[in-house]
Every structure is written in structure tokens, then in C-alpha cells.
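Undergrad: Residues per chain are reported as follows:
Number of protein chains: 2
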Amino acid sequence: MRIVLDAMGGDRAPQVVIDGAVQAAREYGVEILLVGREDVVRAELTRYDTAGLSLPIVHASQVIEMEEHPAAAVKVKPDSSMVVGMEAIKRGEAQAFVSAGNSGGVMAAALLRLGRLRGIKRPALAAIFPFPSGPCLVLDVGANTDCKPEWLLQFGIMGSVYMERVLGVTRPRVGLLSNGEEETKGSIVVQEAHQLLKGSDLRFIGNVEGKDVPTGMADVVVSDGFAGNVVVKLAEGVAKMLLGLIREEIQRHPLTMLGGLLAKPAFEGVRTRLDYAEHGGAPLLGVDGVVIIGHGRSNARAIKNAVRVAVQAVEGGMLEAIKSGITEVKG
Amino acid sequence: MRIVLDAMGGDRAPQVVIDGAVQAAREYGVEILLVGREDVVRAELTRYDTAGLSLPIVHASQVIEMEEHPAAAVKVKPDSSMVVGMEAIKRGEAQAFVSAGNSGGVMAAALLRLGRLRGIKRPALAAIFPFPSGPCLVLDVGANTDCKPEWLLQFGIMGSVYMERVLGVTRPRVGLLSNGEEETKGSIVVQEAHQLLKGSDLRFIGNVEGKDVPTGMADVVVSDGFAGNVVVKLAEGVAKMLLGLIREEIQRHPLTMLGGLLAKPAFEGVRTRLDYAEHGGAPLLGVDGVVIIGHGRSNARAIKNAVRVAVQAVEGGMLEAIKSGITEVKG
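As they're listed, the protein sequences go chains A and B. If you count the first sequence from 1, position 224 lands on 229 in our numbering, and the numbers rise without skipping. If you count the second sequence from 1, position 73 lands on 78 in our numbering, and the numbers rise without skipping.
It is possible that part of the hints are untrue.
A pair counts as met if it fits within one copy or between any two copies, since identical chains are not told apart.
[To be verified] Lysine to aspartate or glutamate pairs mimicking EDC-like chemistry, simulated, CA-CA at most 20 angstroms apart:
hint	residue 1	residue 2
1	95	293
2	95	253
3	190	333
4	126	333
5	269	206
6	269	155
7	328	283
8	190	72
9	216	186
10	216	16
11	203	280
12	190	70
13	190	73
To be clear, the hints were calculated from the coordinates, so they are not data collected in a lab.
Sequences are here, hints too, so could you generate the full structure?
TA: Structure follows, in C-alpha cells:
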């Protein structure tokens, strides 16, 4: 199997990306096409023992930066690692694309070069929460702010397929984000989407409220990109605020400081269990190719795991499963 | 000053409500009209020393329960404590209404008996976050799921007036909840609301993302009732999940357990600093009366503080300030 890895994507690219690529090539036995500035990537590669690994470099002279406007960047940078990487997928030279770069850029490049899967109205950007109870996929988290009910149904189908085929969750529970449990709650669009999801073959568990999301009640949380984005960023913000506050309170007194010191392994345990790096990346679903987007702050382990997720998506036949899932609902 | 207190509202009513009422009457020197089943309220009152306090009982034979459908309940229970209490406000016998009961019921009763303030398109239900950096008002949190841009502007005006007149925040910073900082981000409604807020006299700081909310970047966060509800409930859920996970990890090993024991005052400090009871309740804004809704799980201190908030709203001239704020924008 061949995976395209955007060597220039991520806050600490290309260093951690190459590090992760070497680890992934060794661990999963796949060929990894490193797309980026050849000299930079080659220089970085010399720091590792790559004997027996297949890590060819595909030169791309341009880089789409984190703060660039996605659609515009993709157009003015046709030789960027993202666009060049997508072209390799399009030509069938590789089976999946992985990047920890500008997620809007990845999406724009994917739409431009791969296009949508047949029958898909709108691709969705997903995020994965590593909750104590298991991974939870939230989608859309920013690609589509104003959604139609049918798009939300498709997000549910794509999310369910992903959790089943890629993360191995049997019959994933699909919930619809709303402001109340009852099916009469929610915006007009959400109420209509509720009926569509209810009538589908998905294992739809009904509306889920904000408080239900972290309990892991649903494996897939369907939302428009507005509320989904708020969910992902708020969860991050609340956790940061709370941990900061605990740290502050612990440092107020020598005894609590000692307590904090002794309890340190517990806090590290919490960090490990909530570590996004474990799941590597989240998919861009609905485009005609396997596209995995890692967190901008990805470390080498996150990159390695993002490659693993891409491998699992290819092996699990994710694209075909989405296509047939969409067709069944329509038929 | 006279405050109406719904003696039957809240998970632990009437016990904690009467307890809080006695404390509030003593501490703030106000008269508190206890609306509810006379025999029950009277029996409860005998447990306290109420010498010198003014705590008259207004009989109401019915109670709107937590799980009842608000609009329906208000209609079939015209002698409920909520409806009877609102009528006392309407007749000018008291200046504010406080309840820790079914918030939808309070809103339905307020709309039925008090109606909207002149010029207000839709009343908004607010929630207050006790962040380390200070209180943050989020509105709407569930009264209006599908909103028009103009309603969001009015939420901003009402929220700003509340923070200034009631909680004493000078020139409150008003943020608009969105899925990105740029003014081009957000749903179509949010983008239009951005322009309205930008053109207003409010201290508008632009869009705020989910991650910004807990930092206290904004004193007022404007949102439709769908996303606002998700924000309030998700924040609660994430905090609960995280604290549960910390507890679990601490209990894994004798040493971390000892650490947890020593650090206990720090955790209690965190709890105190994030205690909703400190702020007592959040306002229903846009109805023609001061209405404060406490958390269903209110304890006596929360009830007492909800009365304090009501007193501050009356003394701060909140209603008049909202009226003139709305007129200025229109004129």
C-alpha cells in the first residue's frame, strides 16, 4: 500500500512529519510518499536509519501555510505539497493522503483534485474525541456552516461507516446534536434531519445534548459545521481552563503542592487517556479518496497514527462502504 | 422592595427555597412574597426564626413540575406558583420574580402574564458562567433555536445592559459565538448579526470561538438558543467528565490517592471558584419584568444569591436601560 504524506503540513513540519513517517513505514510496512521540498525532506531523512523502508520523495516547491485562506491558496499554489499529493491519489499512484497542515487547505485541494464521491452533497470535516469511554466522531466541524437536513443524514452515514470500517466499532450509535432530547427540539433543519436519520438504517439513538457528548453516549455525533466547530473548540477550552485552575489552586499551599506532586502520575494518566495523538487524525469524508487530517500540533506519534488510520481506512474499504451506504438510503 | 419567590420551584423545593428566602430577607432587608401551597410553605417557615422579617405567603394551589411541557403546563395550571407570581408582578405588587423551577415554565408564564418589553422581538434565556476571570453571560441558551440577525443584536444589547447594571461590569465586552474569528465566518445569520453588532454602540469585540468562551475574553457571548444551549451543557459535561477521570486516575495507586488527599483543598478551591451558586441565577431578558431563574439544583445559598441578583436588577434600573438601549439602536 502507498500513502501520501504531506511532509510540509503541521506546526512542526517537516521534522516531526518525517520522524512519524519513518516510524509508520517501519511499523506498518507501507510505502510512504513524502511530498514537499525535496532538499528539505532529503536532509531531514538522513537523520534516520531508513534501511529497508520505502520513503520516496515527491517534489513540491510550494507550501500552504496554516494561516492562508484555503481556497485562494490552493489556486495560487498549484505546486504545493497538498495539491501535488492529491494529484498522486487522483492518478492512482497512492491510496490515501495524510496531512497535519491547514485543514481548509486540505479540503480545498481535495475538492479541486479529487472531487466529491458520487451522491455526496457536501464533504464533512470530522473530529475525533478520545473520551474515556472510547473514541467519538463529531462531524461536521467546520466545512459547512449552513446545512440542509439531507446533508446531515449523509454526515451520519459517513460517520457511521468510518467508525465501523476504520475504528472497528460494531454498529456505531449515531446521535444528532440538539438542544433537547425530544425529537421536537432543535432548529427546523435539525428537526427535519431527525426524521431522516430515524427513517434510515443507521443505529440512530436520537438527539444528544451537549452534556451527553462527553459521556460517550453516541459514537458519532452529527452536527452542522457551526455547532460542531463550537463543540470541538469549547471542549478543548473548558479542559484547558479547568486544568489551569487546578494547577493554580494546587500551587497556593505547600501541602497541596506536595499532594499535586504525588498525584502527578494520575494527571499524566488523564493526559494519556485524553491524548488526541492516539487517534492520529480525523477524516475528511465525502471526497473521492481517503483523506486523513492530523492536528496542527501533531507530534511524531500522532503522524504515525494518522498513517495507521489511513491504512485502516483503505483496508476497511471505507470509500466503497460510504458509496453503497449513500446509494442504499437513496434507493 | 418586594421580590416574588417561587416557593415550589427547584429540585429541593420548598425546603431550600424557604431556607434561602429567610437568609435573603435578613441579609438584603427586602420583603419576599413566597408563592406556593400555603400549608406547605407555612409549615416550612416555622422551622426558622423569622422575627422582624417580612415573608408573606401568597397561596397558589398548583405546581409546574420540572418535566412538564412549559406552554401546556402554564395553560392548564393557572393557579400555579409561577403564573400567580407573575400576576403579582403584573399588578405592581412586587418588582421582581425569582424561581429555580422549570425554566421553560417560567418563560411561558412570563410571556403569558407580563409579555415582551416594547421593541423586543424575542426574549432570551441567559446562563451565567462563573469563569476564573469573572462571570460570563451567554444568551440565548434555549428559548429561540432559529434566530434572525436582529434578534441576536437585541440579545447583545440586553446582555450588555445586564452585565453593566446588575453585575457591575463597566462597558462589557460583547462577543458573537462563531466558528472562526474572521467576520466572514459563521452561518449566514451570524455573519449578518456580526455587521449589526459592529454598527451598534456596544463594545463589540467580534466573533468568539468555542475555545475563547472559557478564557473570559467576552463578558457577554451572543448566540442563538441552539448553539448557546450546546455551549452551556457541553461545558458542564466536559468538566464532569474531566473531574471524574482525574478522580479515577487518582484512585489507581496508594501514592496518588495520598496526593489527592493532600490536594483536596485545591479541588475544593476549584469547586468554589466555579460555583454557580455564587451568581444565584440568570435572567430571562426581554420580558416586561425582572425575572431571574435559578439552577434547578439550587441550594439555599444559590436561592439567596438569586434574590440578590433580582434586587440588583431592580436597583440598577435594568428594565429601563434595556428599553432605552433598544430604542437607541432603532432610532
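Undergrad: Taking 20 angstroms as the upper bound on the Cα-Cα distance, should residue 190 and residue 73 be classified as within, between, both, or neither?
TA: between (38 angstroms within a copy, 14 angstroms between copies)
Undergrad: Between residue 95 and residue 253, at a C-alpha cutoff of 20 angstroms, which is it: within one copy, between copies, both, or neither?
TA: neither (51 angstroms within a copy, 47 angstroms between copies)
Undergrad: Since the copies are identical, ignore which copy is meant and state whether residue 126 and residue 333 lie within 20 angstroms (CA to CA) inside a copy, between copies, both or neither.
TA: within (15 angstroms within a copy, 44 angstroms between copies)
Undergrad: Tell me, please, which holds for residue 190 and residue 70 at an alpha-carbon limit of 20 angstroms: within, between, both or neither?
TA: Classified as between: cross-chain Cα gap 19 angstroms, same-chain 41 angstroms, threshold 20 angstroms.
Undergrad: With 20 angstroms as the alpha-carbon cut-off, assign the pair residue 95 and residue 293 to within, between, both or neither.
TA: within (9 angstroms within a copy, 62 angstroms between copies)
Undergrad: For residue 269 and residue 206, with the copy left unspecified, which applies at a CA distance of at most 20 angstroms: within, between, both, or neither?
TA: neither (46 angstroms within a copy, 49 angstroms between copies)
Undergrad: Within a copy, between copies, both or neither: which one fits residue 269 and residue 155 at a CA-CA cutoff of 20 angstroms?
TA: neither (47 angstroms within a copy, 50 angstroms between copies)
Undergrad: Are the CA atoms of residue 328 and residue 283 at most 20 angstroms apart within a copy, between copies, both, or neither?
TA: neither (28 angstroms within a copy, 53 angstroms between copies)
Undergrad: Quick one: residue 216 to residue 16, C-alpha cut-off 20 angstroms, is that within a copy, between copies, both, or neither?
TA: between (32 angstroms within a copy, 19 angstroms between copies)
Undergrad: Please work out whether the CA atoms of residue 203 and residue 280 approach to 20 angstroms or closer within one copy, between two copies, in both situations, or in neither?
TA: neither (33 angstroms within a copy, 39 angstroms between copies)
Undergrad: Evaluate residue 190 and residue 72 at a C-alpha cut-off of 20 angstroms and name the case that applies: within, between, both or neither.
TA: Between. Shortest inter-copy distance 14 angstroms satisfies the 20 angstroms Cα cut-off; intra-copy 37 angstroms does not.
Undergrad: Which holds for residue 190 with residue 333 at a C-alpha limit of 20 angstroms: within a copy, between copies, both or neither?
TA: neither (28 angstroms within a copy, 34 angstroms between copies)
In summary, the structure is inconsistent with hints 2, 3, 5, 6, 7 and 11 from the numbered list given earlier, while agreeing with the others.
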